[in-house]
Every structure is written in C-alpha cells, then in structure tokens.
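Peer 1: Residue numbering for the sequence shown follows our numbering, starting at 1 and increasing by one per position.
For the record, the hints were derived by calculation from the structure and aren't laboratory data.
Because the structure is a prediction, the values reported are computed rather than measured.
Take these hints with a grain of salt, some might be off.
Distance ranges between label pairs, derived from CB positions [as the list claims (entries may be wrong)]: (1) 515 to 225: 37 to 45 Å; (2) 218 to 567: 46 to 54 Å; (3) 249 to 74: 35 to 43 Å; (4) 486 to 515: 26 to 34 Å; (5) 624 to 595: 18 to 26 Å; (6) 586 to 74: 23 to 31 Å; (7) 413 to 573: 22 to 30 Å.
A virtual CB, placed ideally from N, CA and C, is assigned to each residue, including glycine.
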Amino acid sequence: MRIASQGILNQDTEITFYFDSKPYKGFLGDTVASALLANDVQLVGRSFKYHRPRGILGIGSEEPNALISVHKGGRVEPNVRATVQEIYQGLIVTSQNSWPNLKFDALAINDIAARFLSAGFYYKTFMWPPRFWEALYEPIIRRAAGLGRLDSKTDDDNYDQNFLFCDLLIIGGGPSGLLSALLTARAGLDVILVDENANFGGQLRFENTIIDGDHCKDWVDRCLVELKSLDNVRMISRATVFGIYDQGTFGVLERHSHHVQNSENDAVLDRYHRIVASSSILASGSIERHIAFGNNDRPGIMMASAVRGYLNHYGVSAGKSVSIFGNNDDAFNTAYDLKNAGVEIAAYIDSRSDAGIQGDFPIFRGAEVYDTGGRLALEHICIRDEKGERRIQTDCLGVAGGWNPTIHLSCHTNSKPEWNSEIAAFTSKENSVPGMKVVGSANGHFTTSACFKSVLEVVNELLNSKGIKRKSKSLPKASDADYNISPIWAVEGNKRAWLDFQNDVTTKDIKQSVAENFSSVEHMKRYTTQGMATDQGKGSNVISIALLADASGESIESTGTTTFRPPYTPISIGAIGSSGRDKGFAPERFTTTHSISIALAAPMIEAGLWYRPSYYPKIGETDWLQSYNREVLSVRKNVGICDVSTLGKI
1 MRIASQGILN
11 QDTEITFYFD
21 SKPYKGFLGD
31 TVASALLAND
41 VQLVGRSFKY
51 HRPRGILGIG
61 SEEPNALISV
71 HKGGRVEPNV
81 RATVQEIYQG
91 LIVTSQNSWP
101 NLKFDALAIN
111 DIAARFLSAG
121 FYYKTFMWPP
131 RFWEALYEPI
141 IRRAAGLGRL
151 DSKTDDDNYD
161 QNFLFCDLLI
171 IGGGPSGLLS
181 ALLTARAGLD
191 VILVDENANF
201 GGQLRFENTI
211 IDGDHCKDWV
221 DRCLVELKSL
231 DNVRMISRAT
241 VFGIYDQGTF
251 GVLERHSHHV
261 QNSENDAVLD
271 RYHRIVASSS
281 ILASGSIERH
291 IAFGNNDRPG
301 IMMASAVRGY
311 LNHYGVSAGK
321 SVSIFGNNDD
331 AFNTAYDLKN
341 AGVEIAAYID
351 SRSDAGIQGD
361 FPIFRGAEVY
371 DTGGRLALEH
381 ICIRDEKGER
391 RIQTDCLGVA
401 GGWNPTIHLS
411 CHTNSKPEWN
421 SEIAAFTSKE
431 NSVPGMKVVG
441 SANGHFTTSA
451 CFKSVLEVVN
461 ELLNSKGIKR
471 KSKSLPKASD
481 ADYNISPIWA
491 VEGNKRAWLD
501 FQNDVTTKDI
511 KQSVAENFSS
521 VEHMKRYTTQ
531 GMATDQGKGS
541 NVISIALLAD
551 ASGESIESTG
561 TTTFRPPYTP
571 ISIGAIGSSG
581 RDKGFAPERF
591 TTTHSISIAL
601 AAPMIEAGLW
611 YRPSYYPKIG
621 ETDWLQSYNR
631 EVLSVRKNVG
641 ICDVSTLGKI
C-alpha cells in the first residue's frame with residue numbers, strides 16, 4: 001500500500017513493469033520488492049524443498065525469499081533478488097520454483113510428505129533397488145533441483161574489468177562509511193568508497209534519526225555533496241565487495257546497467273573492479289535476524305527494519321494492519337514510524353517484561369508469538385503471555401530478533417569471529433585482516449552516535465600510522481536511543497518453526513542433526529543445508545548456531561561459526577571473465593617478426609598464447625602441402641632459420 005506523504009521517491013511519473021505477465025505500477029527508484037508491496041502483492045515465490053508460499057522478508061541483498069527471473073533482450077537471468085532489482089519502464093520479471101503457477105503449485109505436495117523429507121533424508125533414501133537410480137530417481141531429482149532456469153542462449157552482454165589503487169578502501173556507504181570517507185579525504189588520502197545499494201546512506205535511508213539538528217537524510221546529502229567535490233575521492237554505487245584476498249586485494253562487482261531499460265550497444269552490464277588498497281575500513285553495517293516460532297514463514301511476515309525501510313524510503317506500508325514482535329529497543333522505531341504515518345498497529349509484542357515502549361496502540365510485554373495463520377498470506381497471529389493466549393487479526397508482522405554485524409569479508413582470510421554476549425552477536429577479531437579496521441554496526445555499535453565514535457577512533461589511529469598529524473576531534477551529534485537486547489532465539493510450540501526460509505530448515509532439523517551425532521557446526525550445516533541457500537544464511541545462521549549450542553549442551557562461543565567464503569553475494573561469470581570470449585578469450589602475444597610474417601601472407605597458428613607462422617606460401621602454390629614440401633626441401637639442401645622465441649630461444 002503506497003502512502004503519498006511518505007518516502008523520498010518522486011511519485012509524479014509512473015513506471016509500468018510486469019510480474020508473472022501482469023502489469024503493475026511503480027515509481028523511479030522502486031525495487032521490484034517495494035513496487036510489489038505497493039501493489040499489495042505478498043506472494044512472490046516458493047521455497048526450495050517443500051514449495052511453501054514465500055513473501056518478501058528483507059529489504060537488501062540478504063533476501064532469501066523473493067528470487068525472480070529477469071527477462072531482457074530475449075534472454076533470462078534467474079535468481080535475481082527482488083529487493084535489489086530496480087524497476088524501469090517495461091521491465092519483465094517472473095517468479096520461480098512453481099508449476100503450473102505461483103498460487104497453485106503442484107509440488108507443494110512435498111509439504112504433505114515433509115515427515116519423509118526431514119534433515120539428511122537424501123542420505124537415507126533412493127538406495128534400493130540399485131537399478132532405479134539411473135532409470136527413475138536421478139532424472140526426477142535433477143528435474144526438481146535448483147532454483148530458476150538457466151538461459152541456453154549466447155550471452156551477448158558486454159562486461160568490463162578495471163584495476164584501481166588507493167590509500168584507503170571504505171566498504172559500505174552508511175553513516176560510518178560516509179564519515180570515514182570525509183575525515184580521511186580531508187586529511188589528503190586517496191579514498192575509494194564502495195556501496196552495494198543504488199543510493200549511499202546505508203540504514204539512514206530508512207530512519208528518521210536527527211543528526212546535527214537536521215533529518216539524517218539531509219546529513220547524508222551534505223556528506224555526498226562534499227565527497228563528490230573532492231578530487232581524491234572515488235565513489236562507486238551498486239557495487240559489492242565480494243571477496244578479500246592477499247596483500248590488500250579486493251574483488252568488487254559493479255552492477256552497471258541492470259537498472260536501465262535500453263542501454264547503448266557498447267554499454268557495460270557488469271564491471272569487475274580489482275582494487276588494491278594500502279588500508280581498508282569495513283563499514284558494512286549489520287543485518288537484522290528473525291525469531292523462530294510456529295509458521296513464521298508465511299508471506300506477510302518480514303523483518304521489522306524492512307517494514308520501516310519500505311515505509312520511510314519507498315513510501316510503502318507492507319500491510320494495512322501491522323504487528324511488531326521484538327526483543328530489543330530498535331523495534332520501537334518501526335512502531336513509532338508506522339503510527340506517525342497513520343498505519344494501523346494491531347499489536348506490539350515484546351518478549352521482555354520490562355520493555356520501555358509507550359504508544360497509543362495495543363502493547364503486550366513479556367509476550368511472544370507462537371503461531372500464525374493464513375494460506376497464501378498472513379491473516380492472524382497467536383500470542384501468549386502471563387494472562388493466557390489470544391488471536392490477533394493482522395496482515396503483516398515485523399520481527400525484530402536483533403542485529404548481526406556483517407563481518408563476512410573480515411573472515412575471508414580464514415579468521416574466525418568471536419561471540420559478544422553483550423550484543424548477542426558475533427564480531428570480528430582485532431586485526432583479522434591485515435590493514436583493515438572494522439567500524440560502526442559492523443563492529444557491534446548499534447546506535448548512530450556509537451558508530452560515529454568508533455569511526456573517529458579508527459580514523460585518527462589510521463592517520464597517525466601514516467604519519468599524518470591532522471586529526472579530527474568533533475563528531476556529528478545523533479539523537480538515537482539505546483539498543484538494549486534480551487535475546488530470544490526460538491519460541492516453544494508444536495508447530496514447525498523455520499530457520500532457513502529458502503531451504504526449509506526447521507528448529508527440529510537442528511535437534512535431529514545433534515541426535516544423529518552431527519553436532520559440529522560444519523556437519524550440521526551440510527546435514528540440514530542450513531545456510532547453504534543463495535543468501536548463505538545471512539539472517540538465520542546465528543539463530544541456528546544458538547539452537548545447536550543449546551541442543552548439544554555447549555556455549556555459543558565454543559560452538560563457533562561456519563566458514564565464510566567469497567563471494568559475499570552472487571557474481572556473474574561474465575564479469576569475472578570480462579571481455580575474454582571468442583577471439584578475445586585469452587591475451588594475444590606476437591613475436592618480433594610477426595608483422596613480417598603477416599606481410600608475407602603466412603597463415604598463423606596458436607601456440608599457447610603466442611601466434612606463430614605455419615608456412616610462407618608463394619605465388620603458384622595451391623595448397624599448404626606444396627608450401628610445406630618446398631620449405632622442407634630448402635632446409636634439407638640449404639639452411640633454414642626458425643623463430644621459436646616463444647619457447648625462449650632461436
């Protein structure tokens with residue numbers, strides 16, 4: 001539902017796009033996800049194993065549910081996140097993993113047979129009789145496997161590769177990244193600022209925080225104006241740092257023209273930047289996690305921060321009657337923003353009995369959501385507290401289970417994170433990557449003022465290490481509340497509670513994994529497929545680790561995490577290969593006599609990366625054999641010289 005008074009989009013010009021062949025309206029700057037929510041579309045996909053209905057869960061690259069196929073130029077790109085793909089006039093997208101259609105999916109029958117398809121079922125079935133494997137089992141499994149369908153047509157898009165060098169690479173363009181860029185650029189460092197979103201600002205794009213007396217969006221605009229005016233700053237948006245490698249090398253994928261309808265013939269679709277930086281600052285922010293409770297996967301159940309983000313940035317209410325379920329003070333902001341925008345709040349449920357929220361809407365302290373109802377969309381939630389159980393009608397539930405620092409990149413060099421019980425999350429170890437410092441919420445600082453303070457400390461330390469005496473002392477002043485979390489991982493109940501929404505992993509699967517002696521976090525991951533979907537468990541891994549620790553009688557710290565590996569988000573093979581296809585598949589190397597051979601009309605042959613003459617034809621010779629025979633006889637009777645400098649000698 002679109003609210004005209006909310007958001008920052010220009011709502012004067014409408015854009016038409018198509019989802020599953022049906023036209024919808026949106027505005028410039030909308031993503032497919034925000035535009036679908038504005039059109040009251042909640043069902044956008046199906047889960048992998050059980051084909052359960054799936055709706056939009058998040059608002060960024062961490063999205064596990066809303067995967068779509070984009071149709072452009074006669075070709076199809078599968079598994080595009082609807083929360084990332086921007087709409088343009090005539091955009092055509094389709095849902096995935098359903099047949100014959102999204103609302104009626106025949107393979108949803110898998111959900112009825114769920115008791116036979118629990119964790120590790122593929123290790124225990126399809127064993128007998130042996131001859132059935134190739135004749136029956138394998139063809140059926142292969143047909144059902146995978147999400148989306150690959151396009152068999154030739155990829156005619158253009159890709160590019162770029163090599164960049166800088167004093168400082170800043171990963172993330174939120175409040176911490178922007179302030180880091182300003183302070184270091186003013187001190188004279190050559191800075192590259194990279195952010196995966198279309199607009200810089202990070203979480204501030206979705207908030208109503210006051211900074212230095214102005215709205216946070218005004219502060220972001222002022223930062224961008226100054227940064228763009230500096231010659232020693234390069235800003236790259238729609239670009240993801242997907243991997244960290246040795247000696248300060250970073251891989252970056254820029255989605256250069258995915259957001260436009262018709263780009264020029266020579267326009268680049270994706271650009272692969274290889275950046276070598278003397279130092280780096282990880283300001284990648286954090287990702288909100290959910291809470292496991294009965295039937296917590298229905299369309300209409302979202303992250304509370306996503307509900308807030310769609311409202312404040314896109315001017316979209318994710319529901320007509322919204323409920324919030326949280327365990328920390330950050331969830332308050334979602335309720336307050338919804339109320340101020342005129343959206344009905346059906347209930348605010350906080351698992352803490354001393355939660356400090358106040359408001360003109362139903363508040364349930366010391367309560368929890370234990371079940372939900374609805375077929376293809378959320379219709380009601382079931383809550384319980386010390387007074388008993390009750391059912392509340394609602395079409396959207398925002399869940400706020402806490403924040404996980406986005407530390408994946410800091411672990412790409414095989415460094416393991418450490419558990420911070422104060423914020424109930426994993427954070428990076430000090431100096432986990434040589435030359436890298438972690439700031440802001442990526443380092444567990446979950447208020448804007450705390451983020452700014454961490455930036456000041458790191459930047460001054462960095463400048464001092466480079467022998468730069470110019471240091472900053474003043475900080476922007478932000479008016480935001482404390483975080484205050486009392487973690488709750490799962491709610492007890494007799495209904496299935498979901499962890500990995502894409503791969504259909506439940507809390508019961510974790511317990512089964514431990515019962516069958518797969519209690520190592522790496523074994524549990526592979527046995528249950530928790531965190532092995534396209535989102536790599538960005539919102540569910542910490543919950544599953546906490547439940548694994550509880551089931552095995554260990555602490556979360558001793559249980560540890562799985563290994564984070566590149567890429568952070570999916571990258572296109574075309575970008576990595578750049579222009580290396582057809583004749584340009586590999587570099588062409590020529591000997592010093594190459595031009596002479598070409599002038600003599602010598603056919604060239606490939607010798608590794610080198611081009612060498614095959615023979616030198618003369619007038620009157622009709623085929624290669626005549627030339628071969630003449631040259632062999634000439635060398636036999638006289639003397640021949642062969643340039644094989646490609647082998648290192650003549």
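Peer 1: Determine for every hint whether it applies to the structure shown.
Peer 2: Results of checking the hints against the structure:
{"no.": "1", "hint": "515 to 225: 37 to 45 Å", "result": "violated, 59 Å"}
{"no.": "2", "hint": "218 to 567: 46 to 54 Å", "result": "violated, 35 Å"}
{"no.": "3", "hint": "249 to 74: 35 to 43 Å", "result": "holds, 37 Å"}
{"no.": "4", "hint": "486 to 515: 26 to 34 Å", "result": "holds, 29 Å"}
{"no.": "5", "hint": "624 to 595: 18 to 26 Å", "result": "holds, 22 Å"}
{"no.": "6", "hint": "586 to 74: 23 to 31 Å", "result": "holds, 28 Å"}
{"no.": "7", "hint": "413 to 573: 22 to 30 Å", "result": "holds, 24 Å"}
Consistency with the previously given hints fails for numbers 1 and 2, ordered from lowest to highest.
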